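These are the residues of each chain, in order.
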Amino acid sequence: MVLIQRLLLLPVLLLGIAAVSFGLSRATGVDPVIAIVGERAMEDPAVVAAARAQWGLDRPVAVQFLRHVANAVQGDFGTSFRTRRPVGMDLAERLPATLELVLAATLLGTLVGAALALLSARWPHGLLDQAVRGFASAGVSIPVFLAGLLLLWLFATSLDWLPGPGRLDARLTPPPVWTGMLLVDAAWAMDWAVWRDAARRLVLPAAALGWGIAALVARLLRATLIEELARFHIVAARSRGLSEGRLLLDHALPNAMVPALTLVSLSFATLVAGAVLTETVFAWPGVGAYALESARTLDYPAIMAVTMLGGVALALSGVVADAGQAWLDPRLRDR
Amino acid sequence: MWRRALASPAALLALLVLGFWVVTAITVPWWGLPDPTESVGRRFQPPGGAFPLGTDALGRCVLSRTLHGARLSLPLAFCVVVGAAALGVLLGAIAGFLGGAADWLLSRAADIALAFPPVLLALAVAATLGPGLLNAGLAMLAVWWPIYLRLMRAQVRGVMRMEHVQAAVTVGSTPAAILRRHVVPLCTTPILVALPLDLGQVILLGAGLSFVGLGAPPPAPEWGLMVAEGATTLHRWWLVAGPGVAILSVVLACTLLGDRLREQGRG
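Sequence lines, in order, name chains A and B. Quick note: the numbering used here has the first sequence finishing at residue 335, numbered continuously throughout. Quick note: the numbering used here has the second sequence finishing at residue 1267, numbered continuously throughout.
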């Protein structure tokens, strides 16, 4: 039921997202024509008029909005003022780098967070539990850019165990593009030198971005595990003589992990967009860095596309999370 | 609730840390520290001597800049959270009290605002308004108000079903009087509990916006900006250490305090 309600509201939400991102891009005090033709050409009215006509900026705002929505639905997000290429093409080129980073961060964060939560729930209120709770509080309190710099300083600058910023050593030739994710492409091309370098460069940004996820997962999963452990089926299983470890893994975890998994799937879209700061710190050529460059140069077809796609991704991930939850937890299906 | 929350040593420590920063923010101009925006020594001096946290690329005292930074980040975050809470509470009360079309419109507006990833929305708003501390604040306001609207709306709808409100409706009190006297006083606790946690998160986002150059412009001693300035020369760790510890300590204190309050509010 909740799922159906959500699906019915989705068009309203999507239209709202488009309107907000469009409105934001038009609310800039700066005339976008400056960004297109440059400041010097602004004095030539013919050039300005031609640019306006070419980019459709001479039409009424409502017409521009409707045309933009119609184009966006067909996958056309306009042309970037900055790169002079279709924004869709720019994004398609940069999305794999972000996806690779976010997937690695999510995997790392979920596993570490789950491990910490299990340790915490096994011996609640002990010293270990206190440490995990401290880590969880610190994890949600440390800015991701600071975590990134700390990791860079420790492992790249001081210890020199891992390479610094960047996605691949400039001296290496990237593998032929297949998925755009370096690890996948390098493995496909069996270019293990590239794979090794790419993997070593992925560790730090993934850890910086995954730190927060680990903290969130540890917090939530610890709470649900402890709640679950107090329930009757656990008491019954314990009285049959099952070991505490078995109880935790086989009987408490399957029920307790549903909210945590929902959280992870919900935060995935946020992470893709939130990669802005991580990508800045690690000079990672992804969507986040693209969004920032666009914001700095008032490249508003690009800003609008990124904002809109971020909103759409988050809205859809909400629906997916609901569906996933219903699939994992049969009790939610008929509600 | 506050007294019980403060019974734990962690919460007390958090309150002390926050107290330190608030006192610093108010009184630091009279501490006799070097001017935070003027060059007062050699460039890149490591910590020690006259400069306990060293000097930066322009020979400015990092300690003085870090302490003065509290005068920017804290008031900004405070205004954003209070402003977002005021706006959200007002609109949430209207939505919950009136119901119907007003509720639908306001709730959908909140849905749409919450549909954007926070960093991205703040980035887009800050880019639209142009860089600057005030604009960064407005950008964060845009991110936070719908959270309070939802919170308040749910509260009001719950309270409206209570008997004393039904009684007030029956005896013919005016809607404004019902809302003010019988509903709103019962709705404030969850809002107040949420404030410290959000304060921390707003400081975090604000530092992030400054870090990417959409917050306070140089030479302001803003923490996020200072971290950005030190980010390219990590072997001079003291450039980042001061503002980094400042951000972390404030946000961690807010988180700990907020967590304790929430636990108390629940049980």
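Don't read these hints as lab results, they were simulated from the structure. Predicted, not measured: the structure shown is a model, and the values here were computed from it. For each residue, glycine too, the CB sits at the ideal point set by N, CA and C. It is possible that some hints are incorrect.
DEER-style ranges, computed between Cβ atoms [said to hold, decoys possible]:
1. B/L1016 <-> A/L66: 52 to 62 Å
2. B/H1235 <-> A/L107: 26 to 36 Å
3. B/T1188 <-> A/W327: 31 to 41 Å
4. B/E1038 <-> A/F65: 47 to 57 Å
5. A/F65 <-> B/E1263: 43 to 53 Å
6. B/L1033 <-> A/R67: 48 to 58 Å
7. B/T1037 <-> A/W327: 51 to 61 Å
8. B/F1044 <-> A/W161: 20 to 30 Å
9. B/R1262 <-> A/L162: 31 to 41 Å
10. A/A193 <-> B/L1058: 39 to 49 Å
11. A/S243 <-> B/R1262: 46 to 56 Å
12. A/L66 <-> B/A1167: 43 to 53 Å
13. A/D250 <-> B/T1170: 48 to 58 Å
Counterexamples of contact, computed for chain A against chain B with all Cβ distances above 10 Å [as the list claims (entries may be wrong)]:
14. Q54
15. T79
16. L107
17. V112
18. L118
19. L172
20. W178
21. A187
22. R296
23. R331
Status of the hints after comparison with the structure:
1. Restraint check, B/L1016 to A/L66: a C-beta distance of roughly 57 Å satisfies the suggested window 52 to 62 Å.
2. About 31 Å separates the C-beta atoms of B/H1235 and A/L107, a value consistent with the hinted range of 26 to 36 Å.
3. Range check, B/T1188 to A/W327: Cβ separation about 39 Å, and the 31 to 41 Å hint holds.
4. The hint said 47 to 57 Å for the Cβ distance between B/E1038 and A/F65, and at roughly 49 Å that hint holds.
5. Distance hint for A/F65 and B/E1263: a CB-CB separation of about 47 Å, consistent with the stated range 43 to 53 Å.
6. The given range of 48 to 58 Å is respected by B/L1033 and A/R67, whose C-beta atoms sit roughly 57 Å from each other.
7. Range check, B/T1037 to A/W327: Cβ separation about 57 Å, and the 51 to 61 Å hint holds.
8. Between B/F1044 and A/W161 the CB atoms are about 26 Å apart, so this pair conforms to the stated range of 20 to 30 Å.
9. Checking the proposed 31 to 41 Å range against B/R1262 and A/L162 shows it holds: the Cβ atoms sit about 38 Å from each other.
10. One distance hint, 39 to 49 Å for the beta-carbon pair A/A193 and B/L1058, holds here, with the actual separation near 42 Å.
11. With their beta carbons about 34 Å apart, A/S243 and B/R1262 fall outside the hinted range of 46 to 56 Å.
12. Under the hint 43 to 53 Å, the C-beta atoms of A/L66 and B/A1167, about 51 Å apart, fit the expected range.
13. Checked against the hint of 48 to 58 Å, the pair A/D250 and B/T1170 passes, with Cβ atoms roughly 55 Å apart.
14. For A/Q54, the condition that its CB be more than 10 Å from all CB atoms of chain B holds, with the nearest at approximately 23 Å.
15. Even its closest Cβ contact with chain B, about 18 Å, leaves A/T79 beyond 10 Å, as expected for a residue assigned away from the interface.
16. Residue placement check: A/L107 keeps its beta carbon more than 10 Å from all beta carbons of chain B (closest about 20 Å).
17. Every CB of chain B is more than 10 Å from the CB of A/V112 (nearest about 19 Å), matching its label as outside the interface.
18. Non-interface status of A/L118 relative to chain B is upheld: no Cβ of that chain comes within 10 Å, the nearest being about 21 Å off.
19. Under the 10 Å C-beta cut-off, the non-interface status given to A/L172 relative to chain B holds; the minimum distance is some 23 Å.
20. Remark: the non-interface label on A/W178 is consistent with the geometry, its nearest Cβ contact in chain B lying 28 Å away (cut-off 10 Å).
21. Against the 10 Å criterion, A/A187 stays outside the reach of chain B, whose nearest CB is about 30 Å from its own CB.
22. Annotated as non-interface, A/R296 brings its C-beta within 10 Å of a C-beta of chain B; the closest such distance is 7 Å.
23. Distance check for A/R331 against chain B: the nearest CB is about 22 Å away, which clears 10 Å, and the non-interface claim stands.
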